[in-house]
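Enquirer: Just so you know, the protein sequences line up as chains L and W, in that order. In terms of the numbering used here, the first sequence opens at residue 117 and continues consecutively. In terms of the numbering used here, the second sequence opens at residue 2 and continues consecutively.
Hints are computed from structural coordinates only; laboratory data are not their basis. A couple of the hints might just be wrong.
Simulated pairs of lysine-lysine, DSBU-like, Cα-Cα distance not exceeding 35 angstroms [what the hints assert, rightly or not]: (1) K176/L / K165/L; (2) K131/W / K145/L; (3) K248/L / K183/W.
If you want the ones that stay clear, here's a sample from chain L, every Cβ over 10 angstroms from chain W, calculated [what the hints assert, rightly or not]: (4) D119; (5) D132; (6) E134; (7) E224; (8) V230; (9) W237; (10) N265.
Glycine is no exception: its CB is placed at the ideal position from the N, C-alpha and C atoms.
One letter stands for each residue in the lines below.
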Amino acid sequence: MNDPYSVLGVSPNASDEEIKKAYRELARKYHPDNYHDNPLADLAEAKMKEINEAYDMITKSRGSGGTSGGSSYGSGGYQSSNSSYSSSSGIYAQIRMAINSGNLIQAESLLNSVQNHDAEWNFLMGSVCYSKGWLDEARRYYQIAVNMNPNNAEYRQALSYMQSGGSPYRNTAYRGGMDGCDCCTSLVCADCCCEAMGGDLISCC
Amino acid sequence: MFGYIRPLKSEMKVKEFEQFQAAYCGLCHALKKKYGIVGRFVLNYDFTFLFILLSCETGVVESGRRRCIASPLRKKCYCCGNTVLDDAADKSIILTYWRLKDCIADESFLKSLLPRAGKMLLHMAYKKAKHNVPEFDDVVEQKLKVLSEIEQSKTASLDIPADQFAGILASAAAGRSDSLEKERTIFQLLYHVGRFIYILDAADDLHDDFLSGSYNPIAERFGLKEGKLDKDTLEYIRTTLTHSMQIIGADYELLPRGVWSPILENIIYLGMPFVCDKVLKGEWKTKKKIDK
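I would like the entire structure built from these sequences, with the hints used as guidance.
Expert: Rendered as structure tokens:
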């Protein structure tokens, strides 16, 4: 294995706090939420594992006992949603398995063999489209799935993911640094505006 | 080709800007060396991005200083001695040649005179480039053929035509990396860059296409009759482009780091959102004129 400090991108003299910060930053970056139905999800998972192992190794060797944070990240929302895949029956279970293993051609041909295009069919077709990078089609299929079965949380979640332009489900304030316009920046901007108007939002600056 | 994929200069450090310029000049010199003066005319920001991305892992950049026709007095730094540069030069020639051919087929005789002249000038260069990267040329030819059929059928799907275009760009990833993982990652990343360019270009050309009566994927997909984006469609396009950029960012993070990382990060996280915003606000074409 690589040097755990270089995996986290910190110097061996870094403080526990710095290491924790670097670890959190990386874990957020490679979180499964950012790679949902992405054909490169396996690479992100490997990266996540490497980071978790490096962090565990450092905390163990330093005896700071902060290992609990390590495992909590990697096993995020998607593993749990994957398990619901296996619970459905028949051909849809096969299709879900094909999508999960990245075999999109098989998934698509199985989908084409199904006559009855119900909500589940549309949802799975949306997932296949998403993995192919066909984001507009994916959104249309998810929308049909939600229209047909508005009570299904999985469909609704997938649709709202598309409607948000790919922000992770759980925390919509975080947009992966895409537009450099995170919560803090907005606050500072708001502060500047207030100051310009003679008021103050953040008292220290 | 389009010039949408570029850094946001105001957010760059001076050394990063100089490095980016060295890449741009390096590609220009490589094109001149391999293909003569006509090679220089295909140079643009998108191909510079391609070169930088394909060399993302590089630790040190070999460079020299020289004068050129654009800077006859002051010597400028340029990248050299690099097989990735040659590869990017070959692919630039092929992409430009096929794009010109595509334009000729689409336009009326009078309007096609300029692309016709360009294509004739590029013909020798194209033959040479085709010899260097035959597989890439095959992919471009085949996908553009399918794309033109799709466009003629005036499909109401946005992703079906975009997929062909994105596939062309993605195929530029082939055969350049030492590892399969890296190649897969660059393939996926370039796919979404291609999708981004195709859709953004459609938004940019919406009004012109309306005036000339040409096919426009966005107009067909959303049934737009007046050659402009209504508020809901604009939001929809913005969302789907943001999503592509989110995926590009996520894919980029899986690539190894090297000397080009700060520049790639600027292009992906700042440059692309900036250009996207300008185009969707309808300010891009006027801005480009001012810059020139």
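Enquirer: Each hint needs a verdict: does it hold in this structure or not?
Expert: Structure-based check of all given hints:
1. K176/L / K165/L: With Cα atoms ~16 angstroms apart, K176/L and K165/L stay inside 35 angstroms; holds.
2. K131/W / K145/L: Outside the cut-off at roughly 40 angstroms; violated.
3. K248/L / K183/W: 18 angstroms, holds
4. D119: For D119/L, whose nearest Cβ neighbour in chain W is about 15 angstroms away, the distance exceeds 10 angstroms, so it holds.
5. D132: 25 angstroms, holds
6. E134: Holds: least Cβ distance 19 angstroms, greater than 10 angstroms.
7. E224: Given a closest Cβ separation of 13 angstroms, the condition holds.
8. V230: Holds: least Cβ distance 21 angstroms, greater than 10 angstroms.
9. W237: 18 angstroms, holds
10. N265: 23 angstroms, holds
In this structure, the one hint that does not hold is number 2.
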